[in-house]
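Sequence lines, in order, name chains A and B. Residue numbers for the first sequence follow the numbering used here, so the first one is 1 and each next one is one higher. Residue numbers for the second sequence follow the numbering used here, so the first one is 1 and each next one is one higher.
What the hints contain is simulated information worked out from the structure, not anything from laboratory work. Heads up, a few of these hints could be off.
Each computed BS3-like pair below joins lysine-lysine, with the alpha-carbon atoms no more than 30 Å apart [said to hold, decoys possible]: (1) A:197 x B:235; (2) B:235 x A:282; (3) A:282 x A:197; (4) A:85 x A:51; (5) A:319 x A:51; (6) B:151 x A:64; (7) A:313 x B:221; (8) B:151 x A:145; (9) B:102 x A:85; (10) B:194 x A:110; (11) A:214 x A:145; (12) B:220 x B:32; (13) B:144 x A:110; (14) A:193 x A:256; (15) A:291 x B:235; (16) A:145 x B:221; (17) B:220 x A:289; (18) A:70 x B:133; (19) B:86 x A:110; (20) B:221 x A:256; (21) B:235 x A:313; (22) A:197 x A:173; (23) A:319 x A:16; (24) B:151 x A:297; (25) A:197 x B:144; (26) A:51 x A:16; (27) B:86 x B:194; (28) B:102 x B:196; (29) B:239 x B:220; (30) B:102 x A:28; (31) B:221 x A:291.
Reference listing, derived: stretches of chain B covered by chain A, where coverage requires no fewer than 3 residues with Cβ under 8 Å from a Cβ of chain A [claimed, not checked]: (32) 15-23; (33) 130-137; (34) 175-188; (35) 215-227.
Heads up, incomplete: computed chain B residues facing chain A, CB under 8 Å, no partners named [unchecked claim]: (36) 140; (37) 141; (38) 234; (39) 240; (40) 245.
Built from N, CA and C at the ideal position, the CB exists for glycine as well.
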Amino acid sequence: MKKILVYLELQGDALKRTSYEVVSAANKLAGAASIDFIGLIINGNEAQAEKAKEYGLKEVIIAKHDLFDKQSSMAYSEAIAQAAKQEGADCLLFAGNAAGLEIAPRVAAKLDAGYIADCIDLQFEDGNIVAKKPVYAGKAVITSKIDTDVKVFSLRPNVFTAVANPVDSFQAKDFAPELSEDHRKAYVTELSKNEGKLDVLEADIIVSGGRGMKAPENFNLIEDLAGALGAAVGASRAVVDAGWRPHNEQVGQTGKTVSPSMYVACGISGAVQHLAGMSSSKIIVAINKDKDAPIFKVTDYGIVGDVFEVIPKLTNNIKAIK
Amino acid sequence: MNILVCISRVPDTASRIVVGSDGKSIDSSGLKFVVNPYDELAIEEALQLSKKNGGEVTAITVGTAANTDVLRTALAMGVDKVVLIKGDEPGDSSYVAENIAKYAKTYNPDLIFLGRQSVDFDSLQMPSILAEKLNIPSVSVVSKLTVESGKVIAERDIEGGRETVEAVLPCIISCQKGLNEPRYPKLPDIMKAKRKPIEEIEAENIVPKVTILSMEIPSKKRVGTILTDSDDDIKELVKLLHEEAKII
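Work out the full structure: start from the sequences and follow the hints.
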């Protein structure tokens with residue numbers, strides 16, 4: 001391996017938290033392989049990228065082009081591939097979020113590189129990177145390696161810890177990719193934010209409700225508890241299929257796979273599809289009236305009881321200590 | 001408007017996964033295999049669009065003869081034609097992408113639909129790699145789609161929001177829940193599907209880019225403290241989360 005390139009992603013005016021996680025992972029791998037790593041930012045500036053200095057980033061490429069006036073995974077991936085070639089980077093790291101999961105495989109295809117998505121562990125061993133990634137929605141984990149010269153990985157958000165490792169020097173250089181409209185046949189025309197609503201993929205804590213909540217209006221209990229914890233609201237497939245909650249809240253094999261610091265399952269029995277989507281959470285709490293519910297087999301802390309009595313009391317107790 | 005739908009055959013999502021004797025793949029004995037759930041959305045979307053705009057829908061998959069069952073499900077749902085690119089079970093995504101790209105170049109579809117991910121290997125790369133091989137745009141994880149006058153307007157959830165993406169045809173769309181409600185095939189259609197032809201094409205061998213070294217079932221070992229619903233126990237839980245787990 002010669003050089004690692006890290007794609008830095010902006011959210012508004014600052015780097016996304018996941019970008020720091022990826023920088024930290026690159027810093028560790030580059031250290032183990034005794035090579036350099038460099039960041040790349042699109043439509044950004046030096047001051048924004050310099051924040052990643054805290055996590056070991058010494059140098060950033062700022063890609064600039066008129067066609068970046070609209071966000072486009074197609075155009076971005078062409079620019080990143082060109083930059084990687086120019087830099088001689090043979091290992092590229094991306095955050096495995098909505099943008100990264102679109103861009104990374106395109107970059108890999110452009111560079112004729114192997115790509116492993118959604119990695120939860122990367123280790124440098126015997127001159128190559130060995131990656132772990134969940135398969136079957138987390139029911140199993142595979143360890144694999146990429147055999148091509150250039151390697152591309154995306155990292156599951158919230159799994160790699162951003163470790164402070166400040167460096168003194170920092171430099172930025174501009175890069176002008178060669179792009180035409182042909183590289184931008186798809187682009188974002190509109191972006192709407194779920195104001196004040198935390199997404200399960202980004203949340204540090206998730207409070208989820210299942211069929212045991214009995215009716216959609218009872219989710220106010222879930223929302224109150226989530227509010228007290230600063231958590232996002234999640235849901236099981238049963239309640240999403242029943243139309244009680246929106247699809248984007250569904251956790252599980254046909255929903256989102258999450259790894260928050262804490263997952264609170266309320267009135268969720270723990271079907272194998274649901275467990276697959278949340279069992280990599282760091283701490284799992286369950287509230288269910290059935291003491292034999294499968295969810296209790298994967299919990300750190302469980303309460304056997306009626307969700308309608310337990311949740312409000314739990315919410316009040318949490319408010320009291322916060 | 002001709003549409004190509006790429007489908008894959010996966011263990012039913014209710015399956016328990018056991019590692020096979022080679023230590024790097026699953027033990028598939030006794031497992032029920034189905035059309036990847038997200039691919040059902042892809043088939044449904046293709047059928048609705050072709051009903052509206054005309055043209056044919058072709059479903060395609062890559063792998064062994066075992067895949068004929070999911071192709072028959074696609075036929076029963078209503079696709080016009082199915083293609084099996086017959087070869088070894090895919091070693092990695094590039095094998096599948098290269099083979100489908102080769103077919104797509106001769107078929108020239110206006111749209112290619114796939115599920116947002118195949119819930120077996122969750123490789124999360126087919127739409128983008130295929131798009132790159134064909135040099136056409138792609139939009140991933142789409143939960144609302146409009147196709148009009150040579151372009152698509154696709155909506156997709158992103159972290160903390162939603163984006164609308166515009167792309168020109170031909171284009172690849174990977175489908176997410178919310179896009180539609182896939183139909184259940186009716187019994188007469190299932191019977192009819194059994195007699196319909198399956199076009200077979202020999203797969204081209206592609207050198208894999210990724211090698212699987214091992215597979216394991218993650219340990220689910222947990223602290224496992226179970227409490228009652230008494231007021232004291234609820235207080236105790238909060239204390240444990242605060243002091244032991246240090247999470248609140």
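Hints, one by one, checked against the model:
A C-alpha spacing of about 28 Å is found between residue 197 of chain A and residue 235 of chain B, which places the hinted pair at or below 30 Å, so the restraint holds. Restraint check for residue 235 of chain B and residue 282 of chain A: the C-alpha separation of about 21 Å stays at or below 30 Å, so the hint holds. Distance check on the hinted pair: residue 282 of chain A and residue 197 of chain A sit about 22 Å apart at the alpha-carbon level, within 30 Å; holds. A threshold of 30 Å between alpha carbons decides the hint, and for residue 85 of chain A with residue 51 of chain A the separation of about 25 Å falls inside it, so the pair holds.
Taking the CA atoms of residue 319 of chain A and residue 51 of chain A, the gap is about 34 Å. The hint is violated against a cut of 30 Å. Restraint check for residue 151 of chain B and residue 64 of chain A: satisfied, since their Cα atoms lie roughly 27 Å apart, inside the 30 Å limit. A distance of roughly 28 Å separates the Cα atoms of residue 313 of chain A and residue 221 of chain B; the hinted pair therefore holds under the 30 Å criterion. The straight-line distance between the Cα atoms of residue 151 of chain B and residue 145 of chain A is roughly 38 Å, outside the 30 Å bound, and the hint therefore fails.
Among the hinted pairs, residue 102 of chain B with residue 85 of chain A is consistent with the structure: their alpha-carbon atoms are about 27 Å apart, no more than 30 Å. Using a Cα cut-off of 30 Å, the hinted pair residue 194 of chain B and residue 110 of chain A is violated, with the two alpha carbons roughly 40 Å apart. Annotation: proposed proximity of residue 214 of chain A to residue 145 of chain A is violated, straight-line Cα distance about 46 Å (limit 30 Å). For a cut-off of 30 Å, the pair hint linking residue 220 of chain B to residue 32 of chain B stands: about 24 Å separates their Cα positions.
Annotation: proposed proximity of residue 144 of chain B to residue 110 of chain A holds, straight-line Cα distance about 28 Å (limit 30 Å). For the given pair, residue 193 of chain A sits about 19 Å from residue 256 of chain A by alpha-carbon distance, which is consistent with the 30 Å threshold. For the hint pairing residue 291 of chain A with residue 235 of chain B, the CA-to-CA distance comes to about 19 Å; that is within 30 Å, so the pair holds. Between residue 145 of chain A and residue 221 of chain B the CA atoms are separated by roughly 27 Å; this keeps the pair inside 30 Å, and the hint holds.
A distance of roughly 22 Å separates the Cα atoms of residue 220 of chain B and residue 289 of chain A; the hinted pair therefore holds under the 30 Å criterion. Distance hint between residue 70 of chain A and residue 133 of chain B is fulfilled; the C-alpha atoms sit about 23 Å from each other, no more than 30 Å. Distance check on the hinted pair: residue 86 of chain B and residue 110 of chain A sit about 26 Å apart at the alpha-carbon level, within 30 Å; holds. The straight-line distance between the Cα atoms of residue 221 of chain B and residue 256 of chain A is roughly 22 Å, inside the 30 Å bound, and the hint therefore holds.
Pair hint residue 235 of chain B plus residue 313 of chain A holds up; C-alpha atoms about 9 Å apart against a cutoff of 30 Å. With a C-alpha separation of about 37 Å, the suggested pair residue 197 of chain A and residue 173 of chain A falls outside the 30 Å cut-off, and the hint is violated. A distance of roughly 29 Å separates the Cα atoms of residue 319 of chain A and residue 16 of chain A; the hinted pair therefore holds under the 30 Å criterion. The hinted pair formed by residue 151 of chain B and residue 297 of chain A fails the criterion: a straight-line CA distance of about 49 Å is larger than 30 Å.
For the hint pairing residue 197 of chain A with residue 144 of chain B, the CA-to-CA distance comes to about 20 Å; that is within 30 Å, so the pair holds. As the CA atoms of residue 51 of chain A and residue 16 of chain A are separated by approximately 11 Å, the hinted pair is consistent with the 30 Å bound. Among the hinted pairs, residue 86 of chain B with residue 194 of chain B is consistent with the structure: their alpha-carbon atoms are about 19 Å apart, no more than 30 Å. A distance of roughly 24 Å separates the Cα atoms of residue 102 of chain B and residue 196 of chain B; the hinted pair therefore holds under the 30 Å criterion.
Simply put, residue 239 of chain B and residue 220 of chain B have alpha-carbon atoms about 23 Å apart, close enough for the 30 Å limit, and the pair holds. Simply put, residue 102 of chain B and residue 28 of chain A have alpha-carbon atoms about 40 Å apart, too far for the 30 Å limit, and the pair is violated. Between the alpha carbons of residue 221 of chain B and residue 291 of chain A the distance comes to roughly 18 Å, so the proposed pair stays at or under 30 Å and holds. Coverage of a stretch by a chain is defined here by at least three residues with a beta carbon nearer than 8 Å to that chain's beta carbons; for the region 15-23 of chain B and chain A the count is 4, and the condition holds.
Only residues whose C-beta sits within less than 8 Å of a C-beta in chain A count toward coverage, and the region 130-137 of chain B has 5 of them, enough to reach three; the restraint holds. For the region 175-188 of chain B, the assignment as covered by chain A holds, since 3 residues bring a beta-carbon within under 8 Å of that chain's beta-carbons and 3 suffice. With 11 residues having a beta carbon nearer than 8 Å to a beta carbon of chain A, the region 215-227 of chain B meets the requirement of three or more and the stated coverage holds. The closest approach between the C-beta of residue 140 of chain B and any C-beta of chain A is roughly 5 Å, which is under the 8 Å cut-off, so the hint is satisfied.
Here the hint on residue 141 of chain B is kept, as its CB sits about 7 Å from the closest CB of chain A, short of 8 Å. Among the interface hints, the one on residue 234 of chain B holds; its C-beta lies about 5 Å from the nearest C-beta in chain A, closer than the 8 Å criterion. Look at residue 240 of chain B: its Cβ gets to within about 6 Å of chain A, closer than 8 Å, so that hint holds up. With its C-beta approaching chain A no nearer than about 5 Å, residue 245 of chain B sits inside the 8 Å limit, and its interface hint holds.
Comparing the model with each earlier hint shows violations of hints 5, 8, 10, 11, 22, 24, 30; every other hint is respected.
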